[in-house]
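Student: Sequence:
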Amino acid sequence: MASSTLEGQCLILFAVTMFFCILCFIMITLRCFTRISIRGFGSDDWLMLIGTVFGIMTFITVLCGCKTGLGQHDYDLSGDDYSKIKRALMTFQVLYCASLIFIKSSICVALIRLVVTRRLLYTLYAILALSASYGFIAMMTVLLQCRPLRATWEPSAGTCSNQGIIVHISYFVTACSITTDLACAVMPFVILWKLQMRRRLKFTVAAMLSLGFLASAATIVRIKYLDSYFATEDLAFKVSNVVLWSIIETGIAIIVGSIPSLKPLVKSIPFFGSHHSQPDRKSLNPLDDYQSFALRSVGRHGHHKTRISGKASKDLEEDDSMKNMLTDDPDIILVRSEVQVEEGARPATGYKSFKSFTF
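Per the UniProt record's numbering, residue 1 is the first one in the sequence shown, and the count goes up by one each step.
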């Protein structure tokens with residue numbers, strides 16, 4: 001019978017899983033609160049929310065598995081314990097694949113809204129398709145390996161295919177996961193390189209988004225332990241390493257994918273927020289949706305002769321997380337803009353001449 005006290009590898013797995021479970025719950029809660037507060041809950045937020053729900057279900061499954069002996073040695077387990085562990089492993093594999101499908105789809109959808117070339121757009125579509133495809137294939141392989149499904153944890157209930165299939169699928173999923181992780185980590189650098197913004201801010205944002213390299217590192221480390229599925233002794237102990245690094249990968253993906261959406265929340269904190277004010281310039285446009293300011297150039301009669309107005313950024317609140325992360329900075333030029341320049345001399349009796357144009 002499994003030991004009631006968590007220790008050794010079992011304790012490590014339990015602690016790491018609990019840590020990411022709590023942290024991911026906090027991150028998705030803050031993300032949803034922030035996005036709903038600014039009325040900008042988009043498709044990438046829905047995908048991340050669904051992915052996090054599957055992720056937390058994955059964490060809970062592993063926590064229950066630890067209670068039944070996952071991470072312990074054979075001499076601490078009974079036959080009934082092994083049955084529960086195998087059922088937990090099967091559930092974990094399905095939920096893990098489902099969570100990664102939605103998490104990586106969320107990241108890709110957010111990046112798609114920033115691309116400015118067709119080549120980058122098609123690349124992200126390919127990453128999105130690959131992530132969904134290998135995740136679905138892996139889930140179906142796990143669910144169809146044994147007939148009936150119950151035979152997965154109770155061998156006497158039916159028949160199962162060779163365990164080597166699971167190992168080969170695991171290598172396939174790992175290879176695809178590393179490819180998509182690295183692609184999603186590199187893409188922010190490629191996309192931001194084409195945006196007009198300060199170099200320092202550009203590298204700061206790219207570095208933040210590219211924390212996905214950590215998820216790739218966890219996936220690479222997991223390769224070392226995939227052969228544990230072939231183990232005939234200490235299966236619960238050896239396979240726990242695969243579970244551990246899968247949990248780390250999922251947790252990092254959720255956290256990294258949610259960081260950009262928290263910018264409005266961070267800016268609302270006085271210590272972190274920044275305000276760009278123009279106290280000495282008076283707005284000349286009575287409409288709330290536009291802001292216009294007199295420029296410093298002065299005409300013959302001592303009046304401002306030029307003014308510039310542009311559409312305010314209220315609509316950006318309705319946009320996606322990634323764009324919101326880049327707004328409210330004076331040195332950034334967004335893709336969509338509407339600017340009107342009006343020029344003319346204004347004597348005491350009114351405008352004598354007037355010119356306006358929009359670009």
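Quick caveat, the hints were computed from the structure, so don't treat them as lab data. Since the model is a prediction, treat every value here as computed from it, not as a measurement. Possibly wrong hints are sitting among the right ones.
[Unchecked claim] Simulated crosslink set (DSSO-like; lysine-lysine; CA at most 27 Å straight-line): (1) 224 with 86; (2) 84 with 238; (3) 84 with 224; (4) 267 with 238; (5) 67 with 238; (6) 86 with 263; (7) 238 with 224; (8) 263 with 238; (9) 67 with 224.
[Stated by the list, open to error] Between beta-carbon pairs, the in silico distance windows are: (10) 154 with 29: 46 to 54 Å; (11) 217 with 270: 20 to 28 Å; (12) 158 with 39: 49 to 57 Å.
The C-beta atom is built at its ideal place from N, Cα and C for all residues, glycine as well.
Student: Now, for every hint given, state plainly whether the structure supports it.
Tutor: Taking the hints in turn, this is what the structure says about them:
For the suggested pair residue 224 and residue 86, the alpha carbons sit about 21 Å apart, so the restraint of at most 27 Å is met. Simply put, residue 84 and residue 238 have alpha-carbon atoms about 16 Å apart, close enough for the 27 Å limit, and the pair holds. A threshold of 27 Å between alpha carbons decides the hint, and for residue 84 with residue 224 the separation of about 25 Å falls inside it, so the pair holds. Restraint check for residue 267 and residue 238: the C-alpha separation of about 45 Å exceeds 27 Å, so the hint is violated.
The hinted pair formed by residue 67 and residue 238 meets the criterion: a straight-line CA distance of about 16 Å does not exceed 27 Å. A C-alpha spacing of about 42 Å is found between residue 86 and residue 263, which places the hinted pair above 27 Å, so the restraint is violated. Distance check on the hinted pair: residue 238 and residue 224 sit about 11 Å apart at the alpha-carbon level, within 27 Å; holds. At most 27 Å may separate the alpha-carbon atoms for a hinted pair to count; residue 263 and residue 238 exceed this at roughly 41 Å.
The hinted pair formed by residue 67 and residue 224 meets the criterion: a straight-line CA distance of about 25 Å does not exceed 27 Å. Judged by the Cβ atoms, the range 46 to 54 Å given for residue 154 and residue 29 is violated: they are separated by roughly 38 Å. In this structure the supplied range 20 to 28 Å is violated for residue 217 paired with residue 270, their Cβ-Cβ distance being about 36 Å. In this structure the hint that residue 158 and residue 39 lie 49 to 57 Å apart at CB holds, the actual value being about 52 Å.
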